[in-house]
Amino acid sequence: MLKIDDLHVAVGENGDAILKGLSLEVPAGEVHAIMGPNGSGKSTLSYTVAGREGYDVTAGDVLLKGESIIDLDPDERAAKGLFLSFQHPMEIPGVQTMNFIRTAMNARARARGEDEISAADFLRSVREKAKLVGLDDTKLKRPFNVGFSGGEKKRMEMLQMAMFEPEFAIMDETDSGLDIDALKMVGDVVNALRAPSRGFLVITHYQRLLEYIKPDAVHVLAGGRIVKSGGAELARELEQSGYEQFVEAA
Amino acid sequence: MSNSLLINPSAFEAGLEAAFLARSKPNETGQAAFERFAKQRLPHRRIEGWKWSDFNAALRSTALTPAPKADRIDPSAFAALNPIEFTIVNGRVEAPAEEWPEGVRFGVMESVGTIEELESHPIVSMNVAMTAKSLGIEIGDGVELERPILIRHIAEGGGLSFAQSMIRVCPGASVRIIETYEGDGGGFSSHLFHGLVRDDASLERYLVNETGEAAVNHAICAVKMEARAAFRQTSLSTGAKLSRHETLLHFWGEGASAHIDSAALVAGARHADFTSHVLHKQPHCTVRQLHKGVAADSARTVFQGKFEVERAAQKTDAQMTANALLLSDGAEADHKPELEIYADDVECAHGSTCGALDDDALFYLRQRGLSNEEARSLLIEAFASEVIDGIEDDAVRDVFAARVAAWLEARS
Ligand SMILES: Nc1ncnc2c1ncn2[C@@H]1O[C@H](COP(=O)(O)OP(=O)(O)OP(=O)(O)O)[C@@H](O)[C@H]1O
Ligand SMILES: [Mg+2]
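Order-wise, the sequence lines are chains A and B.
If you want this note's numbering, it's the 1-based position in the first sequence plus 115.
If you want this note's numbering, it's the 1-based position in the second sequence plus 1.
By construction, these hints were calculated from the structure, which means they are not laboratory data.
Every residue gets a Cβ at the ideal spot worked out from N, C-alpha and C, and that includes glycine.
Among the hints, erroneous ones may be present.
[Said to hold, decoys possible] Only part of the chain B face toward chain A is listed, based on derived beta-carbon distances under 8 angstroms:
no. : residue
1   : TYR365
2   : GLU375
3   : PHE384
[Unchecked claim] One-sided excerpt, in silico: chain A residues whose CB lies under 7 angstroms from chain B:
no. : residue
4   : ASP186
5   : LEU199
6   : MET205
7   : GLY209
8   : VAL210
9   : ARG223
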């Protein structure tokens with residue numbers, strides 16, 4: 116479903132090469148996890164797949180449902196069903212949370228040639244899902260993420276993921292900074308969305324989330340490429356042994 | 002022109018003098034004002050306080066004649082508020098033909114000149130010399146006027162137009178005044194507003210400038226506040242080739258408070274200037290000032306704010322914030338926040354920022370599905386929203402929000 120093929124990415128003013136031939140495939144219906152040391156390029160991979168400016172694809176390709184997306188704008192990729200849960204979600208002062216989520220849903224719907232969601236349906240759905248992710252209604256009326264705690268911002272990412280029902284989601288350290296109940300909630304949101312037509316790429320530093328999510332595969336990203344892939348047990352091994360062996364290998 | 006008062010007049014000034022001489026019967030006040038103007042002349046960038054907004058450069062080369070009579074019947078954007086509506090079309094005051102609420106009086110009268118502090122202001126001098134009739138409104142003791150008063154300043158077809166209005170809010174009374182500056186005409190228009198807010202009275206003033214891209218306009222409001230008076234002013238300018246809105250606020254009584262907020266959203270080659278001077282003469286007065294300027298293309302916003310706190314004005318609480326958002330490399334924002342404080346027990350602060358749209362936020366929004374245009378519009382709207390959301394009156398706020406949305410819509 117998501118196929119990353121020999122991806123080379125350069126960033127910054129100096130054009131530093133960060134991803135150096137990364138290949139990875141997540142078939143439809145599966146959840147894959149990526150683990151890797153700080154600075155190894157995990158967020159770079161998420162941003163590149165999502166189409167962020169300044170992340171220069173110097174070689175390779177990214178395909179979503181068999182179609183190359185590297186020439187598409189971020190919103191076009193979003194319209195194709197791609198969702199990124201940000202490692203560091205933005206605060207957007209002056210934009211009411213509920214209005215924003217609805218605006219985003221309608222923009223996606225229009226781009227996909229679908230009907231916009233009615234105000235009533237939206238309200239019902241957003242309230243229900245806010246409850247699911249543990250955000251109370253008053254937060255929905257506040258400016259988007261402004262003054263929210265780190266954990267609340269992550270919950271807000273999950274609220275959007277639950278609302279948008281994306282076809283493919285990349286979750287960049289959604290679990291970092293979350294309390295134990297929230298970890299389980301993230302697991303619930305992912306598990307509820309899991310379907311034969313959907314895929315997930317879960318970036319994490321901790322094995323804990325994977326106990327709730329149960330990945331079909333785990334990959335180790337080090338030095339800008341995937342240096343090892345395995346099953347769920349690989350995450351447990353890494354928790355024991357750390358990344359040292361891979362950093363040296365990369 | 003042998004008996005001209007002006008030495009080496011520009012085409013504009015010569016035209017102005019001709020128009021002044023052609024006035025049916027300028028009174029003494031008008032005559033004295035023109036004599037002042039003849040010395041002061043059109044302000045230009047080498048004059049203190051005018052360096053960023055050069056009216057001389059914008060006007061000098063064209064002689065304008067008084068704008069002709071014009072009709073304008075488009076409903077106001079504020080019509081839904083059921084206001085008591087005055088129109089001043091090309092300087093001619095038209096009062097509404099309706100019964101006045103009890104305790105409210107108005108009159109169209111001879112121009113009465115200005116306050117001493119403004120006699121050194123060249124555009125005020127011009128205004129006093131040229132204005133034939135001025136609009137006066139009085140809100141009687143304790144009258145809380147439900148309906149807003151709407152004053153529409155409409156400049157059509159170019160030319161010169163001058164207007165004056167005066168409002169007195171008597172003790173314990175309250176009123177909302179909405180002023181719109183409209184019209185596609187180029188030319189020059191000037192409005193001089195005097196306000197007096199007596200003890201425990203409240204004046205809210207809302208201003209929208211959406212004049213056409215050839216217009217040059219100047220509006221100045223001088224408000225005196227007595228004890229425990231409240232003044233709130235929110236201005237929005239998207240219009241004019243060159244506009245300047247000045248506010249001169251005097252705290253004459255203890256315990257008065259004021260909010261002076263403004264938003265400028267300008268594109269093309271427009272230029273919007275908000276200049277203000279708040280003078281604290283008495284203790285325990287509070288002022289909050291917030292300015293948001295958005296400039297696109299080669300447009301420019303100017304903010305000059307001054308708080309002056311006299312020695313007697315202890316316990317003054319004054320805060321000024323000016324933020325600019327530049328949407329292109331050619332856009333410009335100039336800020337000059339000033340505190341001049343002679344009292345020792347006061348809390349006064351100011352802050353000023355200038356920046357571009359946040360790339361991180363833009364990417365976030367686009368990842369959520371908004372197009373580049375939609376994402377930019379949302380962030381611009383959000384930037385201006387602090388001023389708009391500060392409007393306490395729901396109906397007025399809705400119209401302001403709609404004007405901002407219309408501006409964004411027109412640009413995308
Ligand atoms: N815009 C940029 N300009 C310069 N260097 C960058 C830029 N973005 C990322 N980098 C560098 O690329 C490398 C990879 O960063 P990235 O954020 O992808 O790491 P990560 O694997 O997500 O780390 P973490 O686990 O800490 O989140 C780092 O060395 C980082 O400093
Ligand atoms: Mg990261």
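Find the hints from earlier in the document that the structure breaks and name them by number, from lowest to highest. Structure breaks hint 4 only.
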